[in-house]
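We have chain A already, so just place chain B on it with the hints.
Protein sequence lines correspond, in order, to chains A and B. In this text, residue positions in the first sequence follow our numbering: the first is 159, and each later residue adds one. In this text, residue positions in the second sequence follow our numbering: the first is 312, and each later residue adds one.
You may find that some hints are simply not true.
Derived CB-CB ranges, DEER-like [as the list claims (entries may be wrong)]:
1. A:172 - B:656: 57 to 65 Å
2. A:330 - B:653: 37 to 45 Å
3. B:437 - A:330: 56 to 64 Å
4. A:411 - B:575: 28 to 36 Å
5. A:327 - B:840: 55 to 63 Å
6. B:686 - A:234: 53 to 61 Å
7. B:364 - A:330: 22 to 30 Å
Hints in this document: simulated from the structure, not taken from any laboratory. Think of the CB as a built atom: it goes at the ideal place given N, C-alpha and C, for glycine as much as any other residue.
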Amino acid sequence: MPRKASMREYILRRVIYAIFIAWGVFTLTFFLLRIGPSSPADKYLATLVAKGENVEELIAAVEARQGLDKPLYIQYLDYINSLLHGDWGWSFSTSMPVMELIKIHWKYSFQLILLSMLFAVFLGILIGVYSAVKQYTKADYIATFFSFIGISIPNFWLGIMLILVFSVKLGVFKTYYDTSLPMFSLANLKALVLPVITLGTGSMAAYTRYVRASTLENLRKDFVRTARAKGLPDRVVIGKHVLRNAMLPVVTIIMFDLSGVVFGGAYLTEIIFGIPGLGQISFNAIFADDYGVVVAVTLIGALVTLFFNLITDIAYTYLDPRIRYE
Amino acid sequence: MRLSRRRFLRLCAKAGALAMVGSLGCLQKETVPSTEKPAIPQVKGTFIEGTSAGDAETLNWIFAADQASFSYVGYTMDGLIAYDNDLNIVLRWLAKPIEVSDDGLVYTLTLRDDLYWTGGKQVTAEDFVYTYKNLMFADWMPFNYKDDYREDVDGKREFVEVRAVNKTTYQFIRQTVDPEFLYTITDFWAYPKHIVKKYEGDLKAFTQAEELNNLSYTGNLGPYRFVEWVRNDKFVLERNPDYYLGKETGAPYFEKYIVKILGTPAARHAALEAGDITSTVIDPLQVKKFKEMEHIKVYTNPTASYTMLLWNLRNNGWEGFKNKRIRQALAMSISKDALIQSIYLGFADPAFSFIPKPSPWYVEEGLSMYGVGGLYDKEKASEILAEEGYEQEGGRILDKNGEPLKLTIITNSGNKVRESICFLVKQELSDIGIDVELKFLPWATELNQYLRNKVPGSDQPPAFNNGPDAVSEKPWDLLVIGFSTDPLAPSGSSTFFSSEGGLNIEGYFNPEVDSLFQKVKTREALDEAERRRIYGELSRLLSEELPGDFLAFPASNVGFQKNVMGIEPGISMGYNYHEWFFA
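For reference, chain A alone in the conformation it holds in the complex (with noise of 0.2 Å):
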């Protein structure tokens, strides 16, 4: 079978396994955030008991509002419907469409993901590479030296260190991200500097680990030896032949670490710079019991993270034309 024809029925298998998955998810979120213990009328239980209100009264009125009164089946097949009608739901800790209010967030999420995922990857396969090459050498012990303390830094910490060094210090950024700022603009970028070295850093010391230890492995296969034999200068050997398939174990970390996006995690990096991205929608949603927000950012996120497995496997054929999808 042609090699384009298979690819297609894989990437038509992907997509009807997709479907059934994102059901199975959406299932399971939505039953399991039902029976849980908690209620969204929690989060209010500690002031409103500090001020002696009417606790039961606002439980009951809470629940009503949000039409958890009814029963669980109701709930449920009232939510396919919906959904099905392109209708995600009212979401009661924002007072705003679901749909709407993931769009409107998802990009500061994303910018902050894809910029620091540019500077973790850059760098990290730069660095990663150059210490390979200059194995046991100065250069080699002090990448491999801030390597670990890369990846040993919590990122909220750096954040902080960050902030008091450059902005309350040297005054050069400001303290928090400011979302009036034009998104495609050196001001924007000039305002993500700092954002996306927080949450850049700890995954580009860690791609810095793995691509040296897999060009060391590929600088010792024959493959390399050949190319050297054959009198290709070094640039060629590293550039064209070692890092390309140093970067097959690699891929999959970097697509892993995008589907991030939807999940989160970049949650420490926008609380510390004050950036309102999925990451602080989502655990809000969480601990507000705004079951809306929390099945739909669920449900993306098991969709987000089963295309960028789909793109993984892709990237694979590409980096390795042995690999076959049948």
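Here is chain B on its own, set in the frame of chain A:
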């Protein structure tokens, strides 16, 4: 059970940094910044208030249950009244003070005649009456605070009557006397009847109505107008040039007002220090540092919230707590000075009853001040325990079975102050030979498994007070918790300490206390001197009876950039925030 959250917000100030604080002053008052207010200050700049107390949930205020939502709406609509730093009523939408009939049953409110909704329609008494009768009290509307407007009539809970007298005057008519109802009836705003009528009866449509969710109807009713709300990021307002209080004064004086959500206290502190925000609440540990900064001014405001150590007086708590002398001995062993200095870093007042000092009903005379001065005495405490049959052996108090006494203290996890208090209590009680085990629990777990109770074997739904025989699912002995008092209407605290109190978690039942709380709601109590006497007696009784150990009224600290002028620190800092300006 009608502590008014809206009134709290007004007291705690509309300027949201303050709204998150609670600011009722009994600590030393500070002076107003020296720069004199110009005849008419210049309109300029953007005031940015940093908060990490969480974003609002809705601008459709009838559904609100969180402070931030009420606070956000409050920027665009003043409300009927405000309270100044001496807790006196300052008229806002009302044209004159509320009139109360001699029999205490009829409350008459008269609106200003220059209040307009967007589009120019006048705000009328009918708007208010419609909001109460057709929305707040309606069966289809899950309004969270319906009970505030109900009274007991012939054994039934019924809504009070509301009626319009003329275009600007409306009345509440009660069948029973409650002198503190005066403070409830100014709690909420009104919706424009001509806009919301079309949504009547349709909960989904009312919830999602665009004009109600973007406050586009607020006309000239508040100093600022809604511009934008980016969830978990910022709430942006612009100056309202038509503001009814600004006709002659030109107020407000900021071009924009922004509430900026900053996720952590560290982020708030850094932003204030760097000048990226104008104001924020400052944590006690940081106050000294900020006070030393030339560009920052810090105001310290006491609050009406208090921290309490409750004993479990129910049947699954230590039986010793049922003995008043034992309770007094334990309170005598816990130093309030140490607690205030080491945990609140000095930013708190000791508490001896549920009424805070700035309340007009606070009476200090005769209070039993356990935990300070001569009533902080561990030796005496040990003597009392011995006299009551709890002897020490090898430095440990033995319970009635001869086993070393071990108590369990609980509080909600994540609240560092309360957790620290638990450690301090453990330390203090270990000095008199009582071992204390700590348990920090998630709120939902604490409330559902430890605080809600029912009579064993009954089919009662669990509640916070199911009577004297009810016990919680899991046992506990000591609980650190925070309560609030409405300083103008403290009788709301009956919910914590009276037999029928819905939040009488601890299981304290005392007919004398019940009777005093009931007396506050009688015709005699319309006389303020009599009400003060009743509250004095109630405070004295509770300070001696100790249904729990009243620990402290914590203060709050708010930092401002020094160029903000017009701030009046005190009991309700921020009540005049529309008059603040940049120097």
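Structure-based check of all given hints:
A C-beta distance of roughly 59 Å is found between residue 172 of chain A and residue 656 of chain B, which places it inside the suggested range of 57 to 65 Å. For the pair residue 330 of chain A and residue 653 of chain B, the supplied restraint of 37 to 45 Å holds, since their beta-carbon distance comes to about 38 Å. Look at residue 437 of chain B against residue 330 of chain A: about 57 Å separates their beta carbons, and that is inside 56 to 64 Å. Taking the beta carbon of each, residue 411 of chain A and residue 575 of chain B are about 29 Å apart, inside 28 to 36 Å as hinted.
Between residue 327 of chain A and residue 840 of chain B the CB atoms are about 59 Å apart, so this pair conforms to the stated range of 55 to 63 Å. Checking the proposed 53 to 61 Å range against residue 686 of chain B and residue 234 of chain A shows it holds: the Cβ atoms sit about 59 Å from each other. Checked against the hint of 22 to 30 Å, the pair residue 364 of chain B and residue 330 of chain A passes, with Cβ atoms roughly 29 Å apart.
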